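Go by the hints and put chain B onto chain A.
Protein chains: 2
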Amino acid sequence: MRIRALPSRISRAPLTALLLLCISLAGTAARAQEDPLPSWNDGAAKQAILTFIKATTDQANPAYVKPDDRIATFDQDGTLWTEHPLYAQAMFALARVGQLAPQHPEWKTKQPFQAVLTGDKQALSKFTESDWMQIVAATHAGMSTADFQQLVQGWLATAKAPRFNRPYTDLVYQPMLEVMQYFRANGYRTYIVTGGGQEFVRVYSEQVYGVPPEQVVGSSIVTKYDNSTGKPVLMREPKVFFIDDGPGKAVGINLFIGKHPYAAFGNSGGDAAMLEWTQAGGGKHLMMLVHHDDGVREYAYGPAGGLPATQVGTFSDALMTEAQKNGWIVISMKNDWKRIFPFDEGK
Amino acid sequence: MRIRALPSRISRAPLTALLLLCISLAGTAARAQEDPLPSWNDGAAKQAILTFIKATTDQANPAYVKPDDRIATFDQDGTLWTEHPLYAQAMFALARVGQLAPQHPEWKTKQPFQAVLTGDKQALSKFTESDWMQIVAATHAGMSTADFQQLVQGWLATAKAPRFNRPYTDLVYQPMLEVMQYFRANGYRTYIVTGGGQEFVRVYSEQVYGVPPEQVVGSSIVTKYDNSTGKPVLMREPKVFFIDDGPGKAVGINLFIGKHPYAAFGNSGGDAAMLEWTQAGGGKHLMMLVHHDDGVREYAYGPAGGLPATQVGTFSDALMTEAQKNGWIVISMKNDWKRIFPFDEGK
Numbered sequence: 001m002r003i004r005a006l007p008s009r010i011s012r013a014p015l016t017a018l019l020l021l022c023i024s025l026a027g028t029a030a031r032a033q034e035d036p037l038p039s040w041n042d043g044a045a046k047q048a049i050l051t052f053i054k055a056t057t058d059q060a061n062p063a064y065v066k067p068d069d070r071i072a073t074f075d076q077d078g079t080l081w082t083e084h085p086l087y088a089q090a091m092f093a094l095a096r097v098g099q100l101a102p103q104h105p106e107w108k109t110k111q112p113f114q115a116v117l118t119g120d121k122q123a124l125s126k127f128t129e130s131d132w133m134q135i136v137a138a139t140h141a142g143m144s145t146a147d148f149q150q151l152v153q154g155w156l157a158t159a160k161a162p163r164f165n166r167p168y169t170d171l172v173y174q175p176m177l178e179v180m181q182y183f184r185a186n187g188y189r190t191y192i193v194t195g196g197g198q199e200f201v202r203v204y205s206e207q208v209y210g211v212p213p214e215q216v217v218g219s220s221i222v223t224k225y226d227n228s229t230g231k232p233v234l235m236r237e238p239k240v241f242f243i244d245d246g247p248g249k250a251v252g253i254n255l256f257i258g259k260h261p262y263a264a265f266g267n268s269g270g271d272a273a274m275l276e277w278t279q280a281g282g283g284k285h286l287m288m289l290v291h292h293d294d295g296v297r298e299y300a301y302g303p304a305g306g307l308p309a310t311q312v313g314t315f316s317d318a319l320m321t322e323a324q325k326n327g328w329i330v331i332s333m334k335n336d337w338k339r340i341f342p343f344d345e346g347k
Numbered sequence: 001m002r003i004r005a006l007p008s009r010i011s012r013a014p015l016t017a018l019l020l021l022c023i024s025l026a027g028t029a030a031r032a033q034e035d036p037l038p039s040w041n042d043g044a045a046k047q048a049i050l051t052f053i054k055a056t057t058d059q060a061n062p063a064y065v066k067p068d069d070r071i072a073t074f075d076q077d078g079t080l081w082t083e084h085p086l087y088a089q090a091m092f093a094l095a096r097v098g099q100l101a102p103q104h105p106e107w108k109t110k111q112p113f114q115a116v117l118t119g120d121k122q123a124l125s126k127f128t129e130s131d132w133m134q135i136v137a138a139t140h141a142g143m144s145t146a147d148f149q150q151l152v153q154g155w156l157a158t159a160k161a162p163r164f165n166r167p168y169t170d171l172v173y174q175p176m177l178e179v180m181q182y183f184r185a186n187g188y189r190t191y192i193v194t195g196g197g198q199e200f201v202r203v204y205s206e207q208v209y210g211v212p213p214e215q216v217v218g219s220s221i222v223t224k225y226d227n228s229t230g231k232p233v234l235m236r237e238p239k240v241f242f243i244d245d246g247p248g249k250a251v252g253i254n255l256f257i258g259k260h261p262y263a264a265f266g267n268s269g270g271d272a273a274m275l276e277w278t279q280a281g282g283g284k285h286l287m288m289l290v291h292h293d294d295g296v297r298e299y300a301y302g303p304a305g306g307l308p309a310t311q312v313g314t315f316s317d318a319l320m321t322e323a324q325k326n327g328w329i330v331i332s333m334k335n336d337w338k339r340i341f342p343f344d345e346g347k
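Chains A and B, in that order, are what the protein sequence lines are.
So the first sequence is numbered by our numbering: it starts at 1 and just counts up by one.
So the second sequence is numbered by our numbering: it starts at 1 and just counts up by one.
Hints were generated in silico from the structure; no laboratory data involved.
Among the hints, a few may not be true.
Pairs count within a copy or across copies, as identical chains cannot be separated in the list.
In the SDA-like style, the derived pairs of lysine to any residue whose C-alpha atoms are separated by at most 25 Å in a straight line are [unchecked claim]:
id, residue 1, residue 2
1, 231, 63
2, 54, 187
3, 259, 153
4, 338, 246
5, 259, 212
6, 338, 213
7, 126, 204
8, 46, 110
9, 224, 63
10, 338, 237
11, 284, 233
12, 338, 166
13, 325, 233
14, 224, 257
15, 66, 204
16, 239, 99
17, 334, 212
18, 46, 180
19, 259, 345
20, 126, 96
21, 66, 187
22, 338, 144
23, 46, 221
Since we're looking at a predicted model, the values are computed, not measured.
For reference, chain A alone in the conformation it holds in the complex:
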């Protein structure tokens, strides 16, 4: 970008420039020989990804996609990181209820807060959407966007996920990080399209996934501009603005991106509309669903059974039927992935 610096470089060192060019290209060529998806076992799922990228980036292929239109969307919870036994953001909300409880003595006898404070797991597993909205309103609103980001950062730095006893941001799926990186290396922009909170995910999306804030589409509450002190802030209000889940994912993609994606990755019925909308765009597309069938290395739920799916995205039989009908590819965590997390070395 600093074009003023270029002329002197040219006059000074044309041969150096050539050398650097050759080293750079040779490095690129060497990398091209490497497997871009080393944590994937050979199989239909891995092959589908490789074939899709090859076809859509080859100008001689009828499926070629112009760089400006290369959009890939990824659900987060259960697709990019662990969602069991509860979404990380729900864990954040519950922890925050505990922190705020001293200022709310009435919560001791008021549901849904009482259940949270007494650790009543059975009541918690039966929370309705309205229960969760009360908790979100109490824990996610009443502060500026900047203050909320700080709260999330602080929580992420100290909270540990159950079973693995690690920060939540460690529980990302290594194979999916490789997919995102592979797409980006081929000119695709990778968007997170999550039912979770947009402002929550933006706090760590760049660091954890390499996805900048403007490429995070998510659910949000109303924010209100306040410049009464001469120092403008956006205050978070206890009111839903947009639910980016189910049919909302197609709405959100159109609202925030304005283009059909060419590839979409999900893991639950909440992602079906995103995959349908992707497929409706014309041309060659890639729709994939992560199936949680590995109770040993992660969790098994959905058709793989084992765990109740009340608090997590559900991979229902209906979704499996739709996947088969539409040619969506189901990724078996157990069979397709050599390793699950960056911290396990292929265990």
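Below, chain B without anything else, positioned relative to chain A:
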């Protein structure tokens, strides 16, 4: 992107590569000598833009901005193209009322439609927000997003703006096109942040301004996902979803971009919050307001007087006071711009 093709290129033609590199760099150097803002007269406004870009792209300068954070936002109506005597989108809505009238005989005696159909300019100039919303609901909703885009395309291809008797998309400001191009050439992403309809502006933003759909932030109505026929569509509902104007511009920037811009361009009170929010981001910023003071080549309104401002963005005395207090730079169309439109050759 087609990395597989590179090794053969390297082995085949290292000298060709060097030659091409040198030609390319020499071309860049030559272009760097040219004035990036040829339609601007020398003066404080032009100098402010040049100084800002130089400072924020120079790593040795304390005001340096990392490429990922280089965001510039532009209002559209009155900032990038002519908004007088009515916004183009309002003209589209009025034309559409005329087209739809045969299906709505009741409009002959029902306001605000009656005023539109009889061409009652005085009534029209007094339309309230509620009147406009009724017109938007009748003309912008009840169809799929794809059908709406086609309607807008068709209208733009045939409609002519008053006085200039040219397509609306001809009435863009050449000096502002140069600013957008100059910002992009220096690694900035240029966003349109408009009170107008997001879906409306996206139809032509790439072609007219070089701004892709995902970088258009605007007002929107509710859309509803419908896959009942097996061919998914988003239906436009007669209900406001988001008003990206006034305080809503700060909300919209946070919602869609999630970062403070480093530069913002507006022309009315509806842009004040956008400029305030930009300035609140810390570091060196550039806030500019286009002042319509050229009744000969375009229109004169606001502090420059002349025309009523009921239907157009208002550059009020209060805005001028805020600009002076905050160090925002006011662009005089009359004095700062050598030419207004691409089609007038510096007249």
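Hints the structure fails to honour: 4, 6, 7, 8, 9, 10, 17, 19, 22, 23
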